[in-house]
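Counting in my numbering, the sequence shown runs from -1 upward without gaps.
No lab work stands behind these hints: they were computed from the structure.
One or more hints might be untrue.
[Claimed, not checked] Here are the simulated DSS-like pairs of lysine-lysine, each with C-alpha atoms no more than 25 Å apart in a straight line:
id: 1; residue 1: Lys136; residue 2: Lys104
id: 2; residue 1: Lys104; residue 2: Lys137
id: 3; residue 1: Lys120; residue 2: Lys104
id: 4; residue 1: Lys148; residue 2: Lys89
id: 5; residue 1: Lys14; residue 2: Lys89
id: 6; residue 1: Lys120; residue 2: Lys148
id: 7; residue 1: Lys14; residue 2: Lys45
id: 8; residue 1: Lys67; residue 2: Lys136
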Amino acid sequence: MIDENNKNVGVIETPKALKMAHEKGLDLIEISPNAKPPVCRIMSHGKYQYEKSRKEKSQKTNQKRIEAKGIRISPRIGQHDLEFKAKQAEKFLEKGYKVKIEMILKGREKWLLAAAEEKISKFIGLITVEIFFEQEIKKQPRGLIAIIAKGQKNDKT
């Protein structure tokens, strides 16, 4: 058990610990229930909840989020439009975003998967920045998808 001054009191029975906390006008809070024996602390429950929420909030703000920008191309896209979208993808990659390349296939286009994969490969070939596949070209219910990121993939084998 830990008292209100952060001093280790030692192993104390639960009823005695509850009595000590009640005498000081504070709560007995179980900090680590899985430990043998469980670790409890005498403190205000409101203060504990506040500190816990502040800690979670600070961890959330320190997380680095990498967003993915999406680029949609169609099987009938023209060469100039393909080049324009490749330049846009390069801008996203330079800014540190991942790029999600989608090709939506409608109707009879769904039967031309080889041509659609070739079009996506051609699009990726137009990108001059060094990239690696976060997710290879993959069939989805509505078409094809691939996710690329800037740099080289670190293989730890």
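Status of the hints after comparison with the structure:
no.: 1; hint: Lys136 - Lys104; verdict: 16 Å, holds
no.: 2; hint: Lys104 - Lys137; verdict: 13 Å, holds
no.: 3; hint: Lys120 - Lys104; verdict: 20 Å, holds
no.: 4; hint: Lys148 - Lys89; verdict: 11 Å, holds
no.: 5; hint: Lys14 - Lys89; verdict: 65 Å, violated
no.: 6; hint: Lys120 - Lys148; verdict: 18 Å, holds
no.: 7; hint: Lys14 - Lys45; verdict: 22 Å, holds
no.: 8; hint: Lys67 - Lys136; verdict: 17 Å, holds
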